[in-house]
Amino acid sequence: MSEIDRHIKNSDKPNGLVRQMGILGLTATGICSMLGAGINVIPFMIQRNVPGIGPFVLPAYLFAALPALLAAMAYAILASAMPRAGGSYIYASRALNPYLGFVASFSQWFGLSIAIGVVSYVLIPFLRDIATALGWQNLALFLDTGIVRLLLALFFLWLFVLINLRGIKLYE
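Residue numbers (numbering that gives the first Met the number 0): 0 to 171.
If you are wondering where the hints come from, they were derived from the structure by calculation, not from laboratory data.
Be aware that one or more of the hints could be misleading.
Pair by pair, the computed Cβ-Cβ distance ranges are [what the hints assert, rightly or not]:
{"no.": "1", "residue 1": "106", "residue 2": "136", "range": "28 to 34 Å"}
{"no.": "2", "residue 1": "137", "residue 2": "76", "range": "49 to 55 Å"}
{"no.": "3", "residue 1": "64", "residue 2": "109", "range": "22 to 28 Å"}
{"no.": "4", "residue 1": "61", "residue 2": "99", "range": "16 to 22 Å"}
{"no.": "5", "residue 1": "61", "residue 2": "126", "range": "26 to 32 Å"}
{"no.": "6", "residue 1": "68", "residue 2": "94", "range": "19 to 25 Å"}
{"no.": "7", "residue 1": "146", "residue 2": "62", "range": "35 to 41 Å"}
{"no.": "8", "residue 1": "70", "residue 2": "136", "range": "52 to 58 Å"}
{"no.": "9", "residue 1": "70", "residue 2": "105", "range": "44 to 50 Å"}
{"no.": "10", "residue 1": "46", "residue 2": "94", "range": "39 to 45 Å"}
C-beta atoms are modelled at their ideal positions from N, C-alpha and C, and glycine is treated no differently.
Kindly generate the complete structure, drawing on both the sequences and the hints.
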């Protein structure tokens with residue numbers, strides 16, 4: 000029996016992971032992972048910097064939804080074919096190699112961790128643009144200050160970390 004066959008056979012044993020996400024949590028996590036915060040920020044930045052592009056933003060997002068839908072369907076097929084806790088680790092380790100399962104799982108975790116930082120950093124210019132649109136110029140200038148932008152970004156970063164540490168039960 001090869002190492003991969005042994006791993007697949009042993010992976011059917013309970014490993015302590017619990018599948019506890021409900022349909023609401025799974026749907027929210029899937030949508031947030033695929034769309035991210037870019038859907039809230041990027042259209043405003045594009046329309047502000049590129050005059051006349053307004054009518055083409057929605058078709059561009061609809062066009063970009065196709066690969067996102069295909070990726071979601073691939074995950075749905077994998078989840079129904081391998082209904083075990085472990086996500087991308089289970090899929091890659093069973094199909095390819097346990098080491099590649101680790102690499103896939105760690106890469107996904109690392110990428111989502113980076114996304115939390117990017118979202119917290121991009122959120123401040125988004126808030127500044129909202130303040131400008133509402134006519135609150137003093138607040139917009141305050142949010143554009145370097146130290147304020149850094150401190151608010153760090154605040155939101157730690158807020159998002161706290162939400163992630165609290166887990167899925169926080170919003171279910």
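Tested hints:
1. 106 / 136: 28 to 34 Å: violated (43 Å)
2. 137 / 76: 49 to 55 Å: holds (53 Å)
3. 64 / 109: 22 to 28 Å: holds (25 Å)
4. 61 / 99: 16 to 22 Å: Violated - the Cβ-Cβ distance for residue 61 and residue 99, about 34 Å, lies outside 16 to 22 Å.
5. 61 / 126: 26 to 32 Å: holds (27 Å)
6. 68 / 94: 19 to 25 Å: Once the Cβ atoms are compared, 22 Å apart, the range 19 to 25 Å for residue 94 and residue 68 holds.
7. 146 / 62: 35 to 41 Å: Since residue 146 and residue 62 have Cβ atoms about 40 Å apart, the given range 35 to 41 Å holds.
8. 70 / 136: 52 to 58 Å: Check failed, 42 Å falls outside 52 to 58 Å.
9. 70 / 105: 44 to 50 Å: With Cβ atoms ~19 Å apart, the hint is violated.
10. 46 / 94: 39 to 45 Å: holds (42 Å)
Comparing the model with each earlier hint shows violations of hints 1, 4, 8 and 9; every other hint is respected.
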